[in-house]
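Engineer: Work out the full structure, taking the sequences as your base and the hints as a guide.
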Amino acid sequence: MNLILLAFVRHYLRHPWMLGTLLCGVVLGVTVVTAVELTNHSVRANLAQANAQLLGRSTHRILADKPIDEALLRQLRTDAGIEAEPVLQRYLRVGAADGPLFQLIAADSLRPSRAGQGRSEVVSDPASLITTPNSVLIGAISARRLGIERGASLSVQRGEGEVVLQVIGVLGADDDRRFSQLLIMDIGWAQRLFGQAGQLDALDLVLQPAQVDRVRALLPAGHYLVDSQAMRASGEGIADALLFNLSALSLLALLVGLLLVYNTLTFSLLQRQPLFGQLRCLGVTAGQLYRYIMLELLLLSVVGCLGGLWVGVLLADQLLVLVTRTVNDLYAVSPLQSLVLTPKSLLLGCLAGVGGVILAGLLPARRVVQGAAHPSRLRITQEWHARQRLRHALWWVPGLVLSAWLILVWPGSGLEAGFAALTLLLLAGLLVVPGLLRLFVSGAAGFLAGSKRRGRTGLLLMALRECSRGLSRTAIAVQALTLAMAATVGIALLIGSFRLTLTDWLQQRLSADIYLTVRSVVPDAPQALPTTLLQAAAAQPEVQAISTARRREAQMAGHRFMLLSRALPAAARQGYRFIGADAAAVWARFDQPGGILVSEPLARRLGLQRADVLRIDGFADPFQVAGIYYDYGYEQGRAIVPAVPPSDPEATGPRRAGLYLHDGASVVALIDWLNRQPGAENVRVVDAEGLLARSLAIFERTFLVTEVLRVLALLVAFVAMLSALLSVQMERQPEMALYRALGFSAWERTRLLLYQGVILGGVCGLAAIPMGLLLAWGLIDLIQLRAFGWTLFYRIDPLQLVQAPFLAMLTAFLATLYPAWRQWQGVPRRGSGRLSVSSASAAAAKKR
Amino acid sequence: MKRDSMKKSSRNVGGASRWRRMRPGRLGAALLVLLVGAGAWVYCLPTPPSALSGVGPSEEGARFSLGQLLGNAPQQAGFEQADFEQAKPGQPLVFPRDHGEHPGFHHEWWYLSANVQEIRPPFRRFGLQLTQFRFALAPLSQADGAPTNNHWLRPQVYMGHLAITHVRAGEHRRAERFSRPGAGLAGVGGSPLRIWLENWTLEAESPGSLVPLRLQADDAGTGIGARLQLRALKPRVLQGDAGLSVKNSRGDASYYYSYPRLSARGRLNWDGEAIEVAGLAWFDHEWSSNSLSAEQAGWDWFSLQLDSGEELMFYRFRNRDGREGLSHVVLIDPQGLPRPVARQALQFETLGEWRSPSGVTYPARWRLQIDTLGVDIQVKPLLADQEMDLSVRYWEGAVAVSGSHQGYGYVELAGYE
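Sequence order for the protein chains is A and B. The opening residue of the first sequence carries number 37 in the numbering used here; numbering runs sequentially from there. The opening residue of the second sequence carries number 33 in the numbering used here; numbering runs sequentially from there.
Honestly, I wouldn't trust all of these hints.
Stated by the list, open to error - Computed Cβ-Cβ distance ranges for the label pairs, DEER-style:
1. A:Arg181 - B:Phe127: 36 to 46 angstroms
2. B:Gln248 - A:Pro245: 25 to 35 angstroms
3. A:Pro658 - B:Arg425: 35 to 45 angstroms
4. B:Gln248 - A:Thr567: 44 to 54 angstroms
5. B:Lys120 - A:Ala233: 34 to 44 angstroms
Stated by the list, open to error - Listed next, the stretches of chain B that the computed footprint assigns to chain A, with coverage defined by at least 3 CB atoms under 8 angstroms from CB atoms of chain A:
6. 185 to 196
7. 211 to 225
Don't read these hints as lab results, they were simulated from the structure. The C-beta atom is built at its ideal place from N, Cα and C for all residues, glycine as well.
Structural biologist: Below you can see the structure in the form of structure tokens.
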């Protein structure tokens, strides 16, 4: 076997912990990146899939705030010659009330050739779908999973209760995800099943650009035309901000991993510098040496990547569950939850790992190879160079801060710019950290040196000075640790602030005593609260006022949002807080015709100000913004218009109502009374506390994924710290031999190691506090605001701040255990590091 | 220089060959190639259908096979032919009732063809065909018993074919539509009677009678359209035995009547140009529940309107073995009286063929002789390519008659492959 390769292999065999550290760094980085990339891709693909199932290949869609009369379909097709298809769409649960969620799409089964083709191109037997009552086609992939045979009866839960469908065929191949959790039904039977004879949920159109205005002119009031492309885009991009956040967090983890790799590599190469020097003397050219090092990096990174990919896929499977739930809670219904393993995502993780390792190794490899030509170069010169470099790096700090500031004030800079600026600021902070360490160490050393108890603190002093002296080997590790700790502190602060803000907001907003909501096992069911129940409740003497809310999707300037029409009694109005405006003035304007309240996220997305005039698709008259209210409920944005008087009998009734009671009235008694009323079986009656608890539970769920990533980052940080300190400690083994020779006891040597670890960890932990605060500020004021349009109120929990140095020191302590244990093992092992140059050459000679 | 000396020294120190054998570059390159190769292989794996792939338009899938509906639809849907109503002797046609639809029968069509000419110079000649088909997806008895006004639940499908032959331009354009009766998109009914599929309509002008009739059809995709007024120049003719037209030796039959001579006047639309035209038209209405019997391959059908004021209608079934199956010849005199002609009296000869772009060879010119009536005519398509290459492929085109009689007509050639 090749001598050089053998030498390299031997090196790692003799330093297995170093190999472990290197692989650990690569595996961790690649794992987190791959897992998040796969999860994000899967969530996007699933959202897009659900959308594609729904929208087919139509170019436009007509929606309305009430069921659409199918006369409009005839008018469009017969009179205007427009390609239009009827659509009914519902969510159903298969089996029990907690069964899997399916999307049911009902269209004209005969016309696969037109707008609906995308979803029914595989319907081979449209006649049976038309002639068999309640017949459906089910995606083969789901049929197989649920063990449903062709011809089976399928019991499903719809909003109105249970019903049995006939499965007469399957869609697609067994592994075709396009038909996952999808049921296709004929429009006629669906109309009958949902009691909607003559009525449609939507019309799908295939329009030429010239036809768009003509169709718009044909639409009756309350109907609006939506661009399917925009709908698809907004449907697929609906969770982009969330996914982008996750990606950024995963990149942070990769960065920590690579810093770790960089650190260990530098260390490992420096350690082998004498060997390289010998090889050069034996006639190996610099180029050859360089290539061997690159080969080593490539091998290491490939092995690390394979491990990372494997663990990443396992992790992604778990993450997807969390992220899908978050997406469902926050944005839209996405019944699909399947992990999409694309080669692209896997390749990306691989490239990140291999590329990152090679990149991380380039610089130290060059330096070492060049340095190897001068084997006489002393460690002291290396340290001097390292110190010079650190000092030079400080010059970058003002530039970085300035760039970050410029990016932030750049007009129209968005979420990505926010991340870029935050990255620059963090980088600037990191560059300062080694300087801080030196400052701290020299300060502490000066203090100790001047103290009277100098004899007792001699070991501590030694440890302090050693920290400063070994910066060439520890600077990057220190930076990696600080970054990782700062990330956990920052994210913890963000979550804490969010929780505080949200709890305050919910407590204010949920001001009614009792809430009524429609009880439904499927989302988006069109049921409303029974009017009789509301009237009966209003007639009760205990009830002071009732607030109601009806909601629908609306579109304005191409952006979809939720439009609420609300009856808001005075008591309910107290729950609203407005941005920069007097509440009384806002309510006065709201009560006038055309008044509208806009949520903060919507205002930020569309750049709306108070008193702006806006037009909502499907409304003839414009609205004027009465005020902008803080809202954390719906990230796509909401707007409130006063409740329409019930002049339109077809309009759906309210889906939510709040009851305000007179002082002293019994909430429990009224809830009991409400539950006994006819029609109450489909209504969920809860008191304010119950609703608050449920809302907070949803919040906890949505932040679970962020929490998981935080824990992951913490894990990476922990391993990074452990391995970095371990490297430093192990390198000092020969030094320890010297101390032993000088008469230091094992206990004293252990203390020396321990001191050094705790000092490094402590300084990193301390530096992580301001950096964590910086990160929290960035996440709250730059990222969250730009991504979601939420103003969060800071809540700094001292416990979370202290957590960082404490954790850092604990890790440092753990990292010292193994080297310390070695101190008690008697004779130090022969020849490691620079004290045993001769042994390396001896080994080489023996081989020959 | 320095590097060179280094190289030399490496050779001198020994193991030079060993260095050569195991160059790190080569190993690295091999590893890289392996990695890139693996990447490429993974990349080229059959991609799991992502959300967007394959859901888009697929031209192949754009066809709705009529074969499923017409050919063996009853059997496919689990119904027997006998589940549908059958055309039987002893059930005389009743009008105006029988102008309307007969949903108990499996299929039915209302057919109108016209040979028209521009009324002003340059007197361009056109052929026009509009047919509305109805297919039952299930017998009436099988339909869900619950009473409903929901037309989506009626197991009927309508198909429309519209074609215009522009003789001078040498172009034949055709369009096809499908619709179900739901939402009033298509149907046959009302008083006055209306036969419609979206905006293609045949509408009677007065209740109780089919003629005078108005035709209105436009197809934006092909740029063709027509608005014609049709008046009967002759009374309707009940084909076969008082409207019962036997189709094969099995005794399968259809109900069938025609208006063999209608005056047509109105406008044709060709790429936005409105062309005033006048001419003659032919109307058929036929319904039955049987498809071609196993031995039958297809049919040739001629409807010729002669200058003498007579019409000659001739159809013959072709058997799969190449022989002629059941056939029927009738000459309608100028007063509208149908005079059946014995098949033996007609000498029928195919003079030429035409191969369509879709690869089907159709007969293209014919000679028809009825010696007893002094008829010896040649029938020639006004345009060779009048193939209806739609869900069902057939040839239906305007023809000119020459020889002992002059005139125009329409020929239908079905079942050629």
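Engineer: With a cut-off of 8 angstroms between beta carbons, are at least three residues of the region 211 to 225 of chain B near chain A?
Structural biologist: holds (count 6)
Engineer: Take the C-beta atom of glutamine 248 of chain B and the C-beta atom of proline 245 of chain A, compute their distance, and say whether it sits inside 25 to 35 angstroms.
Structural biologist: Distance hint for glutamine 248 of chain B, proline 245 of chain A holds at roughly 27 angstroms.
Engineer: Against the range 35 to 45 angstroms, how does the distance between the Cβ atoms of proline 658 of chain A and arginine 425 of chain B compare: consistent or not?
Structural biologist: Distance hint for proline 658 of chain A, arginine 425 of chain B is violated at roughly 56 angstroms.
Engineer: Is it true that the C-beta distance of glutamine 248 of chain B to threonine 567 of chain A lies inside 44 to 54 angstroms, as the hint says?
Structural biologist: For threonine 567 of chain A against glutamine 248 of chain B, whose Cβ atoms are near 47 angstroms apart, the range 44 to 54 angstroms holds.
Engineer: Confirm or reject the coverage of the region 185 to 196 of chain B by chain A under the rule of 3 or more residues with a beta carbon closer than 8 angstroms to the chain's beta carbons.
Structural biologist: holds (count 3)
Engineer: Starting from the hint 36 to 46 angstroms, judge whether the C-beta atoms of arginine 181 of chain A and phenylalanine 127 of chain B obey it.
Structural biologist: 58 angstroms, violated
Engineer: Is the distance from the Cβ of lysine 120 of chain B to the Cβ of alanine 233 of chain A consistent with 34 to 44 angstroms?
Structural biologist: 36 angstroms, holds
Going down the numbered hints, you'll see the structure goes against 1, 3, while the others check out.
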